[in-house]
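One line per chain: the protein sequences are A and B, in this order.
Residues in the first sequence are numbered consecutively from 0, following numbering that gives the first Met the number 0.
Residues in the second sequence are numbered consecutively from 0, following numbering that gives the first Met the number 0.
Wrong hints could be hidden among the right ones.
Which residues of chain B face chain A? A few of them, derived with a C-beta cut under 8 angstroms, are [stated by the list, open to error]:
#1 W191
#2 G254
#3 E443
Here are the simulated distance ranges between beta carbons [unchecked claim]:
#4 B:G272 with A:K70: 25 to 31 angstroms
#5 A:E11 with B:G350: 55 to 61 angstroms
#6 A:E4 with B:P337: 55 to 61 angstroms
#7 A:N34 with B:R357: 54 to 60 angstroms
#8 B:T515 with A:G7: 51 to 57 angstroms
#9 A:N8 with B:K308: 49 to 55 angstroms
List time: in silico EDC-like cross-link candidates among lysine to aspartate or glutamate, alpha-carbon distance up to 20 angstroms [stated by the list, open to error]:
#10 B:K313 with B:E342
#11 B:K62 with B:D170
#12 A:K99 with A:E14
#13 A:K75 with B:E147
#14 B:K56 with A:E14
#15 B:K25 with A:E36
#16 B:K35 with A:E11
#17 A:K89 with B:E487
#18 B:K20 with B:E147
#19 B:K35 with A:D13
#20 B:K35 with A:E14
#21 A:K75 with A:E58
#22 B:K512 with B:D522
Calculated directly from the structure, the hints in this document are not laboratory data.
Here the structure is a predicted model, which means the values were calculated and not measured.
No residue lacks a Cβ here, since even glycine has one placed at the ideal position from N, Cα and C.
For reference, the chains in residue letters:
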Amino acid sequence: MPVFEINGNSYEVDEDGFLQEPERWNHEVAKDFANTEAITDLTEEHWKVIDYIRNYYLEFGIAPMVRKVCKETGHKLSEIYKLFPSGPAKGACKLAGLPKPAGCV
Amino acid sequence: MPEKLLSIEPNNPEGDWREAKAEFRKGTICYSAAPKNVTYLGLPNPRPWQPFDADWKLPPDWKQTILDGMKERLQKYRSFRLFMEICVRCGACADKCHFYIGSGDPKNMPVLRAELMRSVYRRYFTLTGRLFGSLVGARELTEDVIKEWFYYFCQCTECRRCSVFCPYGIDTAEITMMGRELLDLIGCNINWVLEPAANCFRTGNHLGVQPHAFQDSLQFAAGEASEITGLPIEVPINRKGAEILFVMPSADYFGTPHYYTLLGYLMLFHEIGLDYTVSAFASEGGNFGLFSSHELTKRLNAKIYEEAKRLGVKWILGGECGHMWRVFHQYMDTMNGPADFLEPPVSPITGTRFENARATRAVHICEFTADLIHHGKLRLDPSRNDRWNVTYHDSCNPSRAMGLLEEPRHILKNVCRNFHEMPENTIREQTFCCGSGAGLGTDENLEMRLRGGFPRANAVKYVREKHGVNLLACICAIDKATLPTLMEYWVPGVEVAGVHELLGNALIMTGEKERTTDLRGEDLRGEDLRVENLRGERLTKEEATRE
Chain A
0 MPVFEINGNS
10 YEVDEDGFLQ
20 EPERWNHEVA
30 KDFANTEAIT
40 DLTEEHWKVI
50 DYIRNYYLEF
60 GIAPMVRKVC
70 KETGHKLSEI
80 YKLFPSGPAK
90 GACKLAGLPK
100 PAGCV
Chain B
0 MPEKLLSIEP
10 NNPEGDWREA
20 KAEFRKGTIC
30 YSAAPKNVTY
40 LGLPNPRPWQ
50 PFDADWKLPP
60 DWKQTILDGM
70 KERLQKYRSF
80 RLFMEICVRC
90 GACADKCHFY
100 IGSGDPKNMP
110 VLRAELMRSV
120 YRRYFTLTGR
130 LFGSLVGARE
140 LTEDVIKEWF
150 YYFCQCTECR
160 RCSVFCPYGI
170 DTAEITMMGR
180 ELLDLIGCNI
190 NWVLEPAANC
200 FRTGNHLGVQ
210 PHAFQDSLQF
220 AAGEASEITG
230 LPIEVPINRK
240 GAEILFVMPS
250 ADYFGTPHYY
260 TLLGYLMLFH
270 EIGLDYTVSA
280 FASEGGNFGL
290 FSSHELTKRL
300 NAKIYEEAKR
310 LGVKWILGGE
320 CGHMWRVFHQ
330 YMDTMNGPAD
340 FLEPPVSPIT
350 GTRFENARAT
360 RAVHICEFTA
370 DLIHHGKLRL
380 DPSRNDRWNV
390 TYHDSCNPSR
400 AMGLLEEPRH
410 ILKNVCRNFH
420 EMPENTIREQ
430 TFCCGSGAGL
440 GTDENLEMRL
450 RGGFPRANAV
460 KYVREKHGVN
470 LLACICAIDK
480 ATLPTLMEYW
490 VPGVEVAGVH
500 ELLGNALIMT
510 GEKERTTDLR
520 GEDLRGEDLR
530 VENLRGERLT
540 KEEATRE
């Protein structure tokens, strides 16, 4: 399994760089992964999305629906793309330490 | 940049075509299935490996396993034996494949893709092949041949366009299916197929949505539908004794733009007072088992009838999903039927008997809705879709595997006022694939997806330039997931929507408040006809064209 190394930390990831050790996640981990998404500064707006997705995942075992992320965080889809250039499923979920969703998505 | 992929090099290699050569690189391959998913499904040879590794860690007896597997299937499936025997290499299929058109790789001609397996068939299962070998187009089964199978059978979306043109009616998709089934026996499978399949086993759906999340998502959607219409829209879950079990692809309650189609379903069912239920167990219409093996197809499909039986419904209504309908229409009855505990479907609103679904007892929602419209049971205001100029992409399986051609068009022509068909050799039974079906819709395969989707995109570009089309309607969850990327790359400014999203917009519901937005939350009354691109940015038509 590929390993992602940064700032002296190393993480087991999948081929697309998604964290494979969900129990290790915390805000510091999210900051490490932000580098892979070309996000230099994690703002309050980023954390709102990341924490919402993370908490939903802990409760429901899956990422929330894209539409739900928008509504619950008060961001339009376009704003989420501005925060996370590769989008809610790939960018935001990656920083929130979720596995990559597979299927008709 | 589109220019790069537009330069399609006719890649005619030096030397004999029987030399197995496949170059694995990111962009045109799919990652291998993760060991945990292989193990979960009880399939052989779970191990970490990737297609670009030199050593694929095949089991020691891999060759015998493949040959035994072929022998067993040649006896079991007469179609397989027939398709191995009868091709006359006329070439009618050669330029019909979207992957050949988009890649220029001759081994993506359906005839040659099939020949990759026929050559092995000849060598080991025919007398002339055993005696004369390469003189009669036979070749040894080597590890390189296995790699080549993997490469090209994962560059076929099983869309069956080629089979429409075959004078013998050879279904090349079935050859691909056999190829993938044989590769499964030695553990050469892709993650984008086996992870959804494993999830489906665990939670009832490809995305791995557990029952409490299923309920949360559906109720959220019902809440939004209620907000838009001002009506108390509810969604019944696992309700025993309902008349109808509604089954949809899980992406409908997860992804965008799928989600807006879900809103459309819920609004329609509310308006006609349908006695129905959805199920957290049969929470997936799709069946990624189809992209792996008959055995896995059957195992994943079993839950549909099981759940219909448990809930005591009369019949099954199915949502906007593509390959689900190949499974429902062509396999379900014989794999897991007969469904004699259900009744032949009759619309409770119009009294129409769906004779075509007499055996499977499963009706496509487009048939159901088109019938409602045909009988004047729905009040519609197509002007609510005026911001859209619509064309329709026939999703491969509903069109070619079940002949669903007129019904979606009947709906579209009643719910919107601007509708234009793409050229006739790119629609209906000749429809071009999205390029991402059959489990190939994953990001590491993006270059090949954009190449394979090029013929479809080209036809969309034609109607965009000629008629100003800005919306591509379709009835498949893989389409909804992958066509937005395809459009963004080849035809910017064209969005993607399900047919029932447009229906939901146009549907005048009893007691509804004045609609101020469409299902996407866009202002219905404003002059603002800007379109949203894949990244959710709102652009004017001119900006979108420039982009």
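Going through the hints against the structure:
1. W191: Result: holds, 6 angstroms to nearest chain A Cβ.
2. G254: OK, holds: G254 of chain B within 8 angstroms of chain A, min 4 angstroms.
3. E443: holds (7 angstroms)
4. B:G272 with A:K70: 25 to 31 angstroms: holds (28 angstroms)
5. A:E11 with B:G350: 55 to 61 angstroms: Taking Cβ atoms as reference, E11 of chain A and G350 of chain B lie about 59 angstroms apart, which means the hint holds.
6. A:E4 with B:P337: 55 to 61 angstroms: holds (57 angstroms)
7. A:N34 with B:R357: 54 to 60 angstroms: holds (59 angstroms)
8. B:T515 with A:G7: 51 to 57 angstroms: Given range 51 to 57 angstroms: holds, Cβ gap about 54 angstroms.
9. A:N8 with B:K308: 49 to 55 angstroms: holds (52 angstroms)
10. B:K313 with B:E342: At roughly 5 angstroms apart (the allowed maximum being 20 angstroms), E342 of chain B and K313 of chain B satisfy the hint.
11. B:K62 with B:D170: Between K62 of chain B and D170 of chain B the Cα gap is close to 26 angstroms, so the pair fails against 20 angstroms, i.e. violated.
12. A:K99 with A:E14: Distance of about 10 angstroms is within 20 angstroms: holds.
13. A:K75 with B:E147: violated (45 angstroms)
14. B:K56 with A:E14: Distance ~19 angstroms between K56 of chain B and E14 of chain A Cα, so the pair holds.
15. B:K25 with A:E36: Holds, at about 19 angstroms.
16. B:K35 with A:E11: holds (15 angstroms)
17. A:K89 with B:E487: The given pair, whose Cα atoms are some 17 angstroms apart, holds under the 20 angstroms limit.
18. B:K20 with B:E147: holds (6 angstroms)
19. B:K35 with A:D13: Holds, at roughly 13 angstroms.
20. B:K35 with A:E14: holds (15 angstroms)
21. A:K75 with A:E58: Between K75 of chain A and E58 of chain A the Cα gap is close to 24 angstroms, so the pair fails against 20 angstroms, i.e. violated.
22. B:K512 with B:D522: holds (15 angstroms)
Of the hints listed earlier, those the structure fails to meet are numbers 11, 13 and 21, in rising order.
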